[in-house]
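Undergrad: First to last, the sequence lines map onto chains A and B. Quick note on this note's numbering: the first sequence kicks off at 1 and runs consecutively. Quick note on this note's numbering: the second sequence kicks off at 1 and runs consecutively.
No lab work stands behind these hints, which were simulated from the structure alone. The reader is advised that the hints may include incorrect statements.
[To be verified] What follows is a set of in silico ranges between Cβ atoms, one per label pair, in the way DEER data are often shown:
hint, chain 1, residue 1, chain 2, residue 2, range
1, B, Pro-161, A, Gln-104, 42 to 50 angstroms
2, A, Gln-104, B, Val-219, 45 to 53 angstroms
3, A, Tyr-90, B, Ala-243, 28 to 36 angstroms
4, B, Met-210, A, Pro-382, 21 to 29 angstroms
C-beta atoms are modelled at their ideal positions from N, C-alpha and C, and glycine is treated no differently.
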Amino acid sequence: MQDNLSSGRIRKAPENFLNRDEIQTVVAEAKQGRRNFIRNAFAAAAAGAAGTAALAQGNPVPTEGGDPNILKLPEHSTGLGQGVAVDDGYGKPSKFESNVQRRQSPGLTQTTQASVSFAPLQSLFGIVTPSGLHFERHHQGWWDIDPSKHRLMVNGMVKANKVFTMDEIMRLPAVSRFHFIECGANTAVEWGNVAVPTVQYTHGMISCSEFTGVPLITLLELAGADLKKGKFVLAEGADGSSMTRTIPMELITSGEVIVAYGQNGEMLRPEQGYPLRLVVPGVQGVSWVKYLRRIEVGDMPYAAKDEAVHYMDLMPSGLHRQYTNIQECKSVVTTPSGGQVLLDKGFYNISGLAWSGRGKVKQVDVSVDGGRNWRRARLENPVMSKALTRFNIDWVWDGKPAIIQSRATDDTGYVQPTYKQLRAVRGTRSIYHNNAIQSWLVQESGEVKNVQVS
Amino acid sequence: MSRFLNAVLTAALLAGAGVAQAQSAKYPGVGRDATPKEVAAWDIDVRPDFKGLPVGSGSVAKGQDVWEGKCAHCHGIFGESGEVFSPLVGGTTAEDIKTGRVANLQRADYPGRTTLMKVPTVSTLWDYINRAMPWNAPKSLSTEEVYAVTAFLLNLGGIVPDNFVMSDKNIAEVQARMPNRNGMTREHNMWPGPEFSKVRKADTNNVACMKDCVPEAKVASFLPDYARNAHGNLAEQNRLVGAQHGADTTQPERKAGVAASATETPAAKPAPAAKPAAKPAAAGGDNKAVLALLSKYSCTACHAMDKKLVGPSFQDIAKKHAGKADYLAGKVKNGGSGVWGPIPMPAQSLSEAEAKTIAAWLAAGAAK
Numbered sequence: 001m002q003d004n005l006s007s008g009r010i011r012k013a014p015e016n017f018l019n020r021d022e023i024q025t026v027v028a029e030a031k032q033g034r035r036n037f038i039r040n041a042f043a044a045a046a047a048g049a050a051g052t053a054a055l056a057q058g059n060p061v062p063t064e065g066g067d068p069n070i071l072k073l074p075e076h077s078t079g080l081g082q083g084v085a086v087d088d089g090y091g092k093p094s095k096f097e098s099n100v101q102r103r104q105s106p107g108l109t110q111t112t113q114a115s116v117s118f119a120p121l122q123s124l125f126g127i128v129t130p131s132g133l134h135f136e137r138h139h140q141g142w143w144d145i146d147p148s149k150h151r152l153m154v155n156g157m158v159k160a161n162k163v164f165t166m167d168e169i170m171r172l173p174a175v176s177r178f179h180f181i182e183c184g185a186n187t188a189v190e191w192g193n194v195a196v197p198t199v200q201y202t203h204g205m206i207s208c209s210e211f212t213g214v215p216l217i218t219l220l221e222l223a224g225a226d227l228k229k230g231k232f233v234l235a236e237g238a239d240g241s242s243m244t245r246t247i248p249m250e251l252i253t254s255g256e257v258i259v260a261y262g263q264n265g266e267m268l269r270p271e272q273g274y275p276l277r278l279v280v281p282g283v284q285g286v287s288w289v290k291y292l293r294r295i296e297v298g299d300m301p302y303a304a305k306d307e308a309v310h311y312m313d314l315m316p317s318g319l320h321r322q323y324t325n326i327q328e329c330k331s332v333v334t335t336p337s338g339g340q341v342l343l344d345k346g347f348y349n350i351s352g353l354a355w356s357g358r359g360k361v362k363q364v365d366v367s368v369d370g371g372r373n374w375r376r377a378r379l380e381n382p383v384m385s386k387a388l389t390r391f392n393i394d395w396v397w398d399g400k401p402a403i404i405q406s407r408a409t410d411d412t413g414y415v416q417p418t419y420k421q422l423r424a425v426r427g428t429r430s431i432y433h434n435n436a437i438q439s440w441l442v443q444e445s446g447e448v449k450n451v452q453v454s
Numbered sequence: 001m002s003r004f005l006n007a008v009l010t011a012a013l014l015a016g017a018g019v020a021q022a023q024s025a026k027y028p029g030v031g032r033d034a035t036p037k038e039v040a041a042w043d044i045d046v047r048p049d050f051k052g053l054p055v056g057s058g059s060v061a062k063g064q065d066v067w068e069g070k071c072a073h074c075h076g077i078f079g080e081s082g083e084v085f086s087p088l089v090g091g092t093t094a095e096d097i098k099t100g101r102v103a104n105l106q107r108a109d110y111p112g113r114t115t116l117m118k119v120p121t122v123s124t125l126w127d128y129i130n131r132a133m134p135w136n137a138p139k140s141l142s143t144e145e146v147y148a149v150t151a152f153l154l155n156l157g158g159i160v161p162d163n164f165v166m167s168d169k170n171i172a173e174v175q176a177r178m179p180n181r182n183g184m185t186r187e188h189n190m191w192p193g194p195e196f197s198k199v200r201k202a203d204t205n206n207v208a209c210m211k212d213c214v215p216e217a218k219v220a221s222f223l224p225d226y227a228r229n230a231h232g233n234l235a236e237q238n239r240l241v242g243a244q245h246g247a248d249t250t251q252p253e254r255k256a257g258v259a260a261s262a263t264e265t266p267a268a269k270p271a272p273a274a275k276p277a278a279k280p281a282a283a284g285g286d287n288k289a290v291l292a293l294l295s296k297y298s299c300t301a302c303h304a305m306d307k308k309l310v311g312p313s314f315q316d317i318a319k320k321h322a323g324k325a326d327y328l329a330g331k332v333k334n335g336g337s338g339v340w341g342p343i344p345m346p347a348q349s350l351s352e353a354e355a356k357t358i359a360a361w362l363a364a365g366a367a368k
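The shape of chain A in the complex, shown without the other chains:
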């Protein structure tokens, strides 16, 4: 074991790992001979801790001549399972997946009503975020609004102010499109220095869903909006904060902006704006107004609170860049990532997510030596505009320290910047729109650490 450790090989985490409190229980159970496989696992763990070489292999043959998980048929192979939904018609994840949860970052905000919970990117596959794991950001608490009482008003520079019920909106021709939504403050805590341990907290204010709804242009045309002089639209929510944001007319006339009620095949979740939210592809999440109640067409930007006071970029000159909206091309490796432990040397699939608010991801490169050399990653289908794109690349870990990075390029040719490049322009006092290349240090111990490189 010592030799293996010094060469970087590490002990595999045994199955059914037990903490100190559980050891007594397990020993008692094991003595009674009821659960031999737990006893064996415990013995193996103890042997590993005592320093034998046996566990240096990822999946060793146990000394008993076979894995008890194979040799002894488990209950689920020899008993009767559960019936179809009887009293719970909405399925839930396995109880063994209870670690995969949205989480708040301690100390980030003082009140839960104006707060954030982060999506567990380190545990997700593909590009769709399960609706129950979609990151949350509320400005004055969330509501579960009765859809039969919800209304949408269209007013301002229109021929006739209009009111729509949900029934009416859902009668109109619908579109369904996959898009990412990223909070403008995603990765904000890392502007100056490394601050948080895992990809959930560094990048977890992004999610991707299939949204269903009516293009906003359809509703504007129904109201007879002045699409020439009306260069801007104000979107307003029905919650306490009545969140308002200015949206450029160009995004609406292109048909991209959707008044959405559906998400991943079901209605929006209440935390995501049920029954109606705006979908503004490529633009930071604060513009995707939840509980959407009103659209006003106007001829100047509205300087709403969150565009006049927050969601601006403080430049080294002391000037704020105002109305910064687009989420520029960005990527992050999700596995392996900060706070995880590689169990052994050998083969790994490095996997991550890439996206661009300006269009499609064209290329993702991955480095395992801190940005000195790069290899082209595989982009997995589908690759869609303003949606998350999954990338994978093969890697054999030799047990030595490695710094893993990913770098995305979009179809405008824009290449995701390094921290050095981003700070050279915007300094270190910005909060929003941090799209720098992320670095994860794989240490000899196998533990992965969040780092920034010079």
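With chain A's structure known, arrange chain B on it following the hints.
TA: Okay, now just chain B, sitting in the frame of chain A:
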């Protein structure tokens, strides 16, 4: 904006059309015209050119009264509190009012950024106070109160004098004194429309170099050891199976090259069968109802379970007033001041029975 003009136009349109509504040929039967009353009820926004601003006024003195009753709980008596949100006031000078640029924003060493340091447009303050304040009772202020509170906030920042009465008539003059009115630029390429600037080039310029791109990478910043467990045990925040598991951050990090000793505790991994949801077993049905009430009446906006926010934690209250359910019910319902410090708690609009439920829970120890 221009809700009055719109109302007039809509009324004229309706009159001209008789009872018939404007209908779309393409999607007949979908949507109806909004009545002037409906538009007036919802069209509350105020633009930087003050379109939408209702006629009215309010004094700094009146604003102080409103402030102390409805705003100081969260924002502090002088708008200085950073306990719940960022401070509103501070960091601006008389010189900033002249130049329209907040000098402290140009200093890399200046620690904080208050609202008055950043906000360029006074309409933004008026609009947001009107639509979203007070925090737990948005849209409950009268027009006069919104003018008054806005004036008081500006007075705290030295932007308007003590005897000032702000109104729709003089708000444009106030705008000309906003300390950061010239502090904004729209010269960038991160707005998706063509309206603001002709800047089309990104401000960073990386190239997709593939080989020998940089000298050997050096780690310049990493998570300090004391922060390793600051987000809880990362072993419990990762899937139980997979190419990599979560690190047990309750234990010191294993160092490569150091042999594991016989006494070392194996990295703890939650065993879901033995330890399902890690929820406190004590939480009965009653607690659930109380927690729902605390959320419903926004008690949690000011009180946390086990740490001081604006007000004392529920557990501190429980400790101090154990067993005194009647006393606590009165305090919950009627508010109070002086027991826990200078910030008063306003009276609450919940029922007697609900106040008693919360009080009983507090008196019994405020179990989570």
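Undergrad: Could you tell me whether the CB distance from Pro-161 (chain B) to Gln-104 (chain A) stays inside 42 to 50 angstroms?
TA: holds, 43 angstroms
Undergrad: Taking 21 to 29 angstroms as the hint, is the beta-carbon distance of Met-210 (chain B) and Pro-382 (chain A) inside that range?
TA: Cβ of Met-210 (chain B) to Cβ of Pro-382 (chain A): about 26 angstroms, so the range 21 to 29 angstroms holds.
Undergrad: Could one say that the CB atoms of Gln-104 (chain A) and Val-219 (chain B) fall in the range 45 to 53 angstroms?
TA: Since Gln-104 (chain A) and Val-219 (chain B) have Cβ atoms about 28 angstroms apart, the given range 45 to 53 angstroms is violated.
Undergrad: Does the hinted range 28 to 36 angstroms hold for Tyr-90 (chain A) and Ala-243 (chain B) at CB?
TA: holds, 31 angstroms
Figure legend: structure checked against the earlier numbered hints; the only hint not met is number 2.
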